[in-house]
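The lines below spell out each chain.
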Amino acid sequence: IVTIKTLVFPSETSDSYVEMVPLKPLQLKAFTLCMRLATELKGEREVILFAYRTGDYDELNVWRELDGRLSFYLSGDGVFFQVPELGALKTHLCVTWDSSSGAATVFMDGRKSLTKIYKKGHTIRAGGKVLLGQDPDSYLGDYDAKQSFVGEVCDVNMWDSVLPDRTIKDLVSGKRVQRGNVFDWETIQLKISGTVEVIHREL
Amino acid sequence: IVTIKTLVFPSETSDSYVEMVPLKPLQLKAFTLCMRLATELKGEREVILFAYRTGDYDELNVWRELDGRLSFYLSGDGVFFQVPELGALKTHLCVTWDSSSGAATVFMDGRKSLTKIYKKGHTIRAGGKVLLGQDPDSYLGDYDAKQSFVGEVCDVNMWDSVLPDRTIKDLVSGKRVQRGNVFDWETIQLKISGTVEVIHREL
Amino acid sequence: IVTIKTLVFPSETSDSYVEMVPLKPLQLKAFTLCMRLATELKGEREVILFAYRTGDYDELNVWRELDGRLSFYLSGDGVFFQVPELGALKTHLCVTWDSSSGAATVFMDGRKSLTKIYKKGHTIRAGGKVLLGQDPDSYLGDYDAKQSFVGEVCDVNMWDSVLPDRTIKDLVSGKRVQRGNVFDWETIQLKISGTVEVIHREL
Numbered sequence: 001i002v003t004i005k006t007l008v009f010p011s012e013t014s015d016s017y018v019e020m021v022p023l024k025p026l027q028l029k030a031f032t033l034c035m036r037l038a039t040e041l042k043g044e045r046e047v048i049l050f051a052y053r054t055g056d057y058d059e060l061n062v063w064r065e066l067d068g069r070l071s072f073y074l075s076g077d078g079v080f081f082q083v084p085e086l087g088a089l090k091t092h093l094c095v096t097w098d099s100s101s102g103a104a105t106v107f108m109d110g111r112k113s114l115t116k117i118y119k120k121g122h123t124i125r126a127g128g129k130v131l132l133g134q135d136p137d138s139y140l141g142d143y144d145a146k147q148s149f150v151g152e153v154c155d156v157n158m159w160d161s162v163l164p165d166r167t168i169k170d171l172v173s174g175k176r177v178q179r180g181n182v183f184d185w186e187t188i189q190l191k192i193s194g195t196v197e198v199i200h201r202e203l
Numbered sequence: 001i002v003t004i005k006t007l008v009f010p011s012e013t014s015d016s017y018v019e020m021v022p023l024k025p026l027q028l029k030a031f032t033l034c035m036r037l038a039t040e041l042k043g044e045r046e047v048i049l050f051a052y053r054t055g056d057y058d059e060l061n062v063w064r065e066l067d068g069r070l071s072f073y074l075s076g077d078g079v080f081f082q083v084p085e086l087g088a089l090k091t092h093l094c095v096t097w098d099s100s101s102g103a104a105t106v107f108m109d110g111r112k113s114l115t116k117i118y119k120k121g122h123t124i125r126a127g128g129k130v131l132l133g134q135d136p137d138s139y140l141g142d143y144d145a146k147q148s149f150v151g152e153v154c155d156v157n158m159w160d161s162v163l164p165d166r167t168i169k170d171l172v173s174g175k176r177v178q179r180g181n182v183f184d185w186e187t188i189q190l191k192i193s194g195t196v197e198v199i200h201r202e203l
Numbered sequence: 001i002v003t004i005k006t007l008v009f010p011s012e013t014s015d016s017y018v019e020m021v022p023l024k025p026l027q028l029k030a031f032t033l034c035m036r037l038a039t040e041l042k043g044e045r046e047v048i049l050f051a052y053r054t055g056d057y058d059e060l061n062v063w064r065e066l067d068g069r070l071s072f073y074l075s076g077d078g079v080f081f082q083v084p085e086l087g088a089l090k091t092h093l094c095v096t097w098d099s100s101s102g103a104a105t106v107f108m109d110g111r112k113s114l115t116k117i118y119k120k121g122h123t124i125r126a127g128g129k130v131l132l133g134q135d136p137d138s139y140l141g142d143y144d145a146k147q148s149f150v151g152e153v154c155d156v157n158m159w160d161s162v163l164p165d166r167t168i169k170d171l172v173s174g175k176r177v178q179r180g181n182v183f184d185w186e187t188i189q190l191k192i193s194g195t196v197e198v199i200h201r202e203l
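Residue numbers (the UniProt record's numbering), protein chains in the order written: chain A, 1 to 203; chain B, 1 to 203; chain C, 1 to 203.
Because the hints were derived from the structure by calculation, they are not lab data. What you are looking at is a predicted structure, and each value in this text was computed from that prediction instead of being measured. Treat the hints with care, as some may be off.
[Stated by the list, open to error] A short, non-exhaustive set of chain B residues, derived as facing chain A with CB atoms under 8 Å:
1. K29
2. F81
3. Q82
4. V83
5. M108
6. S113
7. L114
8. D160
9. P164
10. R176
Cβ atoms here follow ideal geometry from the backbone N, Cα and C, with glycine treated the same way.
Given these sequences and hints, build the entire structure.
Here you go:
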């Protein structure tokens, strides 16, 4: 039986979060970001799923929106996807974006969304911090409990390129076909603040 | 083509149900209960999915709640999971529980939920009856049509242990990796009351 | 990487549609119709997914209904299935019907619905036109933008028989186990009207 370390955020807080130390600077013209997560937070509440902020900008934030849509924001307005609601069942979620075409997609459990054109030509800037659990409204501060993550998250991996659909399907089924070169969950350095449990779950 | 016997409950009644005869007494400190089911009963109605009652207690009842959540109850308050709504598409549903840790989970089509801690140290008592289709509010009586099951159900199997996630995924795809030792649908003895059709469907 | 031609209907119109030329007349006593599609059109709006009309009759129309259910109509009242809502994630959808038994089912991503009995003994008539994108309320006319399709659709294939469940599961995963004998997307002749983009996507 293969197990994987899993972060459990047991309740709504404004001070529990996990900083993930990247393997290389997040100066990115393309990315694939994947994670497995489950959250029972329901409607009428935003939920932060991933926050990368430099001094003045939210460089890459992934959200579950008020209305259940998934979205991500690259310093400015976001791009939105109407997808099945997150819930108690663990979902393998990936987000991909490529600056040269502007192509933005999400995958849930290997199912790919339609493609949206978003922020063509943009570059994500290096030099910030990546957090799970909270959305910083200033550099590493101003957290809002009403946007915090509650639930389980694991297997957070990131690449500086768009992976083929086939590779993403393999990741869902647990094949470690390609280690993340920005974040690799197997070797990642995590800095935990507040109340976050680290447990091992069967993958 | 492999076929499987399937129970069709064609309409709402207070007298149609199927008793399942177990292979051993249901004195249980752990279990995995699986079934395939489809029901188009929608919101604002509870639906009983499995009822095991001894003289005075609902020992193990599995429900689709008013708000669409799945739940189960071990003689007392229940544990709830916010999951995709049951509907016309057949869902492979499993529920697992282990007394020693209290770990309770559900699986839908092989996707596992987050883990909840529920009734640690409890034991399910032997000596009752197991029904599909109705919830008895007294020992084998007091059925409520507004809670009855309408739809199709098959492949109901139960084990006196928690199966590995991998085994549950294999069950979804139809691999008969391990026969149930409490209920084994292939050899099960069923006692049918009221209007329930038994048909054979492709698995 | 295998790619597939994909039709993108970028916005709501009353004049954008694609006619599909069949390989044989649609005189049918059974069929399997499959497609991959994604649409973010939400509630309170009907969406036409497939329209086959002869002079005076809607011979075979597939709809996403106001309330999110899927349905199809064989010249008259329809049959309805309560299923997960279509959205941004691409769904592999199949509809099957057999005149001799009246058995009607839908499949979403290989998951089969319960079976409904519908129009036993009926025959679909030959001699009409098949459209994607619009529902003609007269023969090739009277389109309603409020029912038009917006989103992506590809891999539309049709057979004059009911395929085994196993074959449909293989189609979902991209195995070209059996080419459609009424429509075969790989070789299909398409007649495009209005604003419809044809792009190639990874399958």
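Hint check results:
Hint status for B/K29: violated, given a least beta-carbon distance of 20 Å to chain A, over 8 Å. Because the smallest distance between the Cβ of B/F81 and any Cβ of chain A comes to about 4 Å, under 8 Å, the interface hint for this residue holds. Evaluation of the B/Q82 hint against chain A yields a held restraint, the C-beta minimum of about 4 Å falling below 8 Å. Given the 8 Å rule on beta carbons, the hint for B/V83 holds: about 5 Å separates it from the nearest Cβ of chain A.
With a least beta-carbon distance of about 6 Å to chain A, the hint placing B/M108 at the interface is held under the 8 Å criterion. Residue-level restraint check for B/S113 holds (minimum Cβ-Cβ distance to chain A is 4 Å; threshold 8 Å). Hint status for B/L114 relative to chain A: holds, with the closest Cβ pair at about 4 Å, below 8 Å. For B/D160, the interface hint is violated, since its Cβ never comes within 8 Å of a Cβ in chain A; the closest pair sits about 20 Å apart.
Residue-level restraint check for B/P164 holds (minimum Cβ-Cβ distance to chain A is 6 Å; threshold 8 Å). Using the Cβ-Cβ criterion of 8 Å, the hint placing B/R176 at the interface with chain A is not satisfied: the shortest such distance is roughly 21 Å.
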